[in-house]
Amino acid sequence: GDSVTQMEGPVTLSEEAFLTINCTYTATGYPSLFWYVQYPGEGLQLLLKATKADDKGSNKGFEATYRKETTSFHLEKGSVQVSDSAVYFCALRGNSGGSNYKLTFGKGTLLTVNP
Amino acid sequence: DAMVIQNPRYQVTQFGKPVTLSCSQTLNHNVMYWYQQKSSQAPKLLFHYYDKDFNNEADTPDNFQSRRPNTSFCFLDIRSPGLGDAAMYLCATSRESGGSNEQFFGPGTRLTVL
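Those protein sequences? They're chains A and B, same order as listed.
The opening residue of the first sequence carries number 1 in the working numbering; numbering runs sequentially from there.
The opening residue of the second sequence carries number 116 in the working numbering; numbering runs sequentially from there.
No wet-lab data here; the hints were simulated from the structure.
The beta carbon of each residue, even a glycine, is placed where N, CA and C say it ideally should be.
Mixed in with the good hints, there may be bad ones.
Said to hold, decoys possible - A few chain B residues that face chain A, going by a derived Cβ cut-off under 8 Å, partial list only:
1) P133
2) V146
3) A201
4) L205
5) S209
6) N216
7) E217
8) F220
9) G221
10) P222
11) G223
As the list claims (entries may be wrong) - Quick list of simulated restraints, FRET-style, between CB atoms:
12) K56/A with F130/B: 33 to 41 Å
13) S14/A with K153/B: 25 to 33 Å
14) S195/B with K56/A: 45 to 53 Å
15) P115/A with S195/B: 44 to 52 Å
16) S85/A with R124/B: 38 to 46 Å
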């Protein structure tokens, strides 16, 4: 079945540092890929998405490129801020029939950014 | 703004006392989901409604049930909460068949079981 493997946390960075959170996936067909962010005590918010190979999703300075050859969707940001401190979830939505609208989540990566 | 609303945000119940969590949406999405999220874990899908069709996950305990009286509302009923049911419960929606297909989440209800 589908699966998502996400970089284990926690990740601690200083403000303005470069961020990478690795995400790789296993799926049949051509899944859609997502990054969700969860701030403390809140629900999940969609950060960015990509629906086909070589698509780049971007939002709020974050970027991720759908790499089918390496089955990856790594999240990057050039200069993190304290306000980026949150848990980040990589997720995929299958595209191989059946209940393909359900999301498969990675385990989440806690990011803490210090001033 | 169109959104997913969950009430209450915080719910305290006693061991074994039935509790109902509420979710409503103004997005007119046809699929509604309930997730359980325990501390430092990913959300775990409990069940979802695709239109009026209920779809239970294989490992969801019988203690958890759901109702969807209309397109906008969906309820999560926990018949006899145990200490292990303390968690954040997240509602989400999506539009299938012609929509953007992404899931939109509510803010969650934090359930405490005493």
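Which hints, by number, does the structure contradict?
Hints 1, 3, 12 and 16 contradicted; others consistent.
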